[in-house]
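Protein chains: 2
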Amino acid sequence: MTKAALIEQIKLKESFLCVGLDPDLDKIPPHLLQTEDPLFEFCKAIIDATHPYAVAFKPNTAFFECHGAAGWASLEKTIAYIPKECMVIADAKRGDIGNTSTYYAKTFFDHMNADALTVAPYMGSDSVLPFLQFKNKWVVLLALTSNEGAKDFQLSAVNGKSLFEHVLEKSQEWGSPENLMYVVGATRAEDIARVRSCAPDYFFLVPGVGAQGGDLETVVKYGANAECGLLVNSSRAIIYASNGVDFAQAAKNEALKMQAQMSSHVQRFNL
Amino acid sequence: MTKAALIEQIKLKESFLCVGLDPDLDKIPPHLLQTEDPLFEFCKAIIDATHPYAVAFKPNTAFFECHGAAGWASLEKTIAYIPKECMVIADAKRGDIGNTSTYYAKTFFDHMNADALTVAPYMGSDSVLPFLQFKNKWVVLLALTSNEGAKDFQLSAVNGKSLFEHVLEKSQEWGSPENLMYVVGATRAEDIARVRSCAPDYFFLVPGVGAQGGDLETVVKYGANAECGLLVNSSRAIIYASNGVDFAQAAKNEALKMQAQMSSHVQRFNL
Numbered sequence: 003m004t005k006a007a008l009i010e011q012i013k014l015k016e017s018f019l020c021v022g023l024d025p026d027l028d029k030i031p032p033h034l035l036q037t038e039d040p041l042f043e044f045c046k047a048i049i050d051a052t053h054p055y056a057v058a059f060k061p062n063t064a065f066f067e068c069h070g071a072a073g074w075a076s077l078e079k080t081i082a083y084i085p086k087e088c089m090v091i092a093d094a095k096r097g098d099i100g101n102t103s104t105y106y107a108k109t110f111f112d113h114m115n116a117d118a119l120t121v122a123p124y125m126g127s128d129s130v131l132p133f134l135q136f137k138n139k140w141v142v143l144l145a146l147t148s149n150e151g152a153k154d155f156q157l158s159a160v161n162g163k164s165l166f167e168h169v170l171e172k173s174q175e176w177g178s179p180e181n182l183m184y185v186v187g188a189t190r191a192e193d194i195a196r197v198r199s200c201a202p203d204y205f206f207l208v209p210g211v212g213a214q215g216g217d218l219e220t221v222v223k224y225g226a227n228a229e230c231g232l233l234v235n236s237s238r239a240i241i242y243a244s245n246g247v248d249f250a251q252a253a254k255n256e257a258l259k260m261q262a263q264m265s266s267h268v269q270r271f272n273l
Numbered sequence: 003m004t005k006a007a008l009i010e011q012i013k014l015k016e017s018f019l020c021v022g023l024d025p026d027l028d029k030i031p032p033h034l035l036q037t038e039d040p041l042f043e044f045c046k047a048i049i050d051a052t053h054p055y056a057v058a059f060k061p062n063t064a065f066f067e068c069h070g071a072a073g074w075a076s077l078e079k080t081i082a083y084i085p086k087e088c089m090v091i092a093d094a095k096r097g098d099i100g101n102t103s104t105y106y107a108k109t110f111f112d113h114m115n116a117d118a119l120t121v122a123p124y125m126g127s128d129s130v131l132p133f134l135q136f137k138n139k140w141v142v143l144l145a146l147t148s149n150e151g152a153k154d155f156q157l158s159a160v161n162g163k164s165l166f167e168h169v170l171e172k173s174q175e176w177g178s179p180e181n182l183m184y185v186v187g188a189t190r191a192e193d194i195a196r197v198r199s200c201a202p203d204y205f206f207l208v209p210g211v212g213a214q215g216g217d218l219e220t221v222v223k224y225g226a227n228a229e230c231g232l233l234v235n236s237s238r239a240i241i242y243a244s245n246g247v248d249f250a251q252a253a254k255n256e257a258l259k260m261q262a263q264m265s266s267h268v269q270r271f272n273l
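Protein chains in written order, with the numbering used here: chain A, 3 to 273; chain B, 3 to 273.
Chain A extracted, bound-state conformation (with noise of 0.2 Å):
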C-alpha cells in the first residue's frame, strides 16, 4: 500500500482508527469457541463490523502464535480477509541480523501479504534495511512505546538526546515516509511533539488510546501534521466492548464512536 492510498483511505472514511486483533480465548465470546476456528471467527466478526470505520488493522501475531501451527494459520486466515483497502500491519516486532530479517520480511510481507511490520530498533541498520527493500511495503519502528519500561532505555540520555530521538534520526537515514512509520505511545502526551518535530512528515502509528490511558484530542493536537500523519490504535475498548453475543455490534458501536471524533478532525486536514 502506498502513503497515497492509505490517505485516500483517511479522507474517505474520515478516519485513521486502526482496530487491534488480539483474539484472547479466555476473552472471546464463550459461543465461538464452539467454532471451528474460534480466533478466525472472532477476527472476522470484527473485520465485518469495524471496517467501515477502519483505514487499518492490526493483528498481534503472540494472540495466534501461541495456538502454534493451528493459531499460524488462523492469523494467515484473518490477514487474507481484511479487506484489500485497510493496511494490514502485522504487529510481530521483529528484527534481527540481515539475512535473518530478510526471511521474516518474506514472511509477513510475501507469505502473508501484510503491508507493514512493526520492527525493533536495537539492533541498528543492517537489521531494520531487509525489512525496507519491498515495494510498497512498510516497517512500523518502536520509537516511543506505551508501557511503563519504554522509561528504562528509550527516555535514556544519549548526547544530550533521548535514546528514542536518536532511533527517530538514524533511522530517516534508512527508509522515508513513504515505507517507514513509527510506534509512539499516547500515554505520555507531552513527549508526542518532541516525537512529531524530529519526524515531521512521518505516520505515527499510537497505541496507548483508549484502555491504555491515552486521550484523542492530545494525540492529534499535538502529534498530527498536514497529512494526518496518524493511525491511532484501539484494541481491547473495540474487540472486547462485549463478550456477548452482540459483540461485533458493540465493537462497530465503538469503533463508530471513535470514527465519528476522528471525523471533525479529518476535515481539518489538507488531504
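Source of the hints: derived by calculation from the structure; they are not laboratory data.
A few of these clues could be false.
Because identical chains share one entry, a pair is satisfied inside a single copy or across any pair of copies.
What the hints assert, rightly or not - Taking lysine to any residue and the SDA-like style, the derived pairs with C-alpha atoms no more than 20 Å apart in a straight line are:
hint : residue 1 : residue 2
1    : Lys108    : Pro40
2    : Lys29     : Lys108
3    : Lys172    : Ala159
4    : Lys153    : Gln174
5    : Lys139    : Gly70
6    : Lys137    : Gly100
7    : Lys29     : Gly100
Dock chain B against chain A, hints included.
Just chain B, lined up with the frame of chain A:
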C-alpha cells in the same frame, strides 16, 4: 532446564557448543526437497549427527515462519525432536508490552517446551519480566549483537557507558544467573571482556564464531568465567558444511572439531 543441569552437560560432553538450526531451502541438500517435510528432515539429521557434541540447539524461528503454518509445524516437530538433555533456545527475538510478552512466553515455553528464548530489550522491564516468570526457563537478552548495525544504538554513550552496558546492569535487577543470559557477539572480541566485567556470573550465548569471523580462543580468553559461562553458537559452518548426501556426516565432523577445541578449556573450568 536449570543452570546446574546445563553445567552438568557441559562437563559431561566437554563442550559448550550450541548448534544453530537455520534451515534454508536454498541451501539444504537438494535430495531432501523431495521429502514431505524438508525443514524437519534436515534439522532431524543435523540433530542426530551433532547432539553428542552439543549442549544446546538454537532453532531460528524466521527460517520456519517464512513457510507459514506448515513451517511453524516443522518448528514444533524440530523442537520436540531435540534430546531432552540439550538446551533448546528458540531464537525469536521477541519482546512486547506485558500481556503480549506473556503470550509469547506461553508460545515458546508452554506450547513448544523450549528452555530459552532470545528477547529484545528496547521496550524495557515489563516487556522482559513476563518471560522470567516461568520456572526453569531462560531469557537470552540481546546485549551486544554480532552484526554491523550493533554500533548504531548498542554502542551509544549513555551517561559515560554504552547502551549495552545499561542493558546488562538494568536487566540484572529483573533476573538472575539462574534464568537470564545474554547474547554477546564474538565479532568484537575486545568488547567481550567489558560485557564479562558487567555480568560476571551470567552465561553468554555467543554467535558469530565461524562464518561471521569470530574466534573461539579469544571468546574463551575474554568471555569465560570459572563455571564456563559460555554457549558458543555455530550455525552455517556446521549445518552447511556440505550440501551433498553426506551433509550430516560433514556437520558431525565440524561439530566434533569444535567440541575438540572446547574440550581442553572445559577441563580447566571449575565444574
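Okay, the hints, checked on the actual structure:
Taking CA atoms no more than 20 Å apart as the test, Lys108 paired with Pro40 passes between copies only; the shortest distance there is 19 Å, against 27 Å inside one copy. Proximity of Lys29 and Lys108 under a CA criterion of 20 Å is satisfied inter-copy only: 17 Å between copies versus 31 Å inside one chain copy. In the homo-oligomer, the alpha carbons of Lys172 and Ala159 lie at most 20 Å apart both inside one protomer (15 Å) and across protomers (15 Å), since each shortest distance falls under that limit. In this assembly of identical chains, Lys153 and Gln174 lie within 20 Å of each other by CA distance solely across copies; the values are 16 Å between and 22 Å within a copy.
Within a single copy, Lys139 and Gly70 get their C-alpha atoms only as close as 26 Å, which misses the 20 Å cut-off; across copies the closest is 19 Å, which meets it. Taking the shortest alpha-carbon separations for Lys137 and Gly100, only the intra-copy value of 18 Å comes in at or below 20 Å, while the best inter-copy value is 33 Å. With identical chains, the CA atoms of Lys29 and Gly100 are at most 20 Å apart between copies only, with a shortest distance of 17 Å across copies and 37 Å within one.
In this structure, none of the earlier numbered hints is contradicted; all agree with it.
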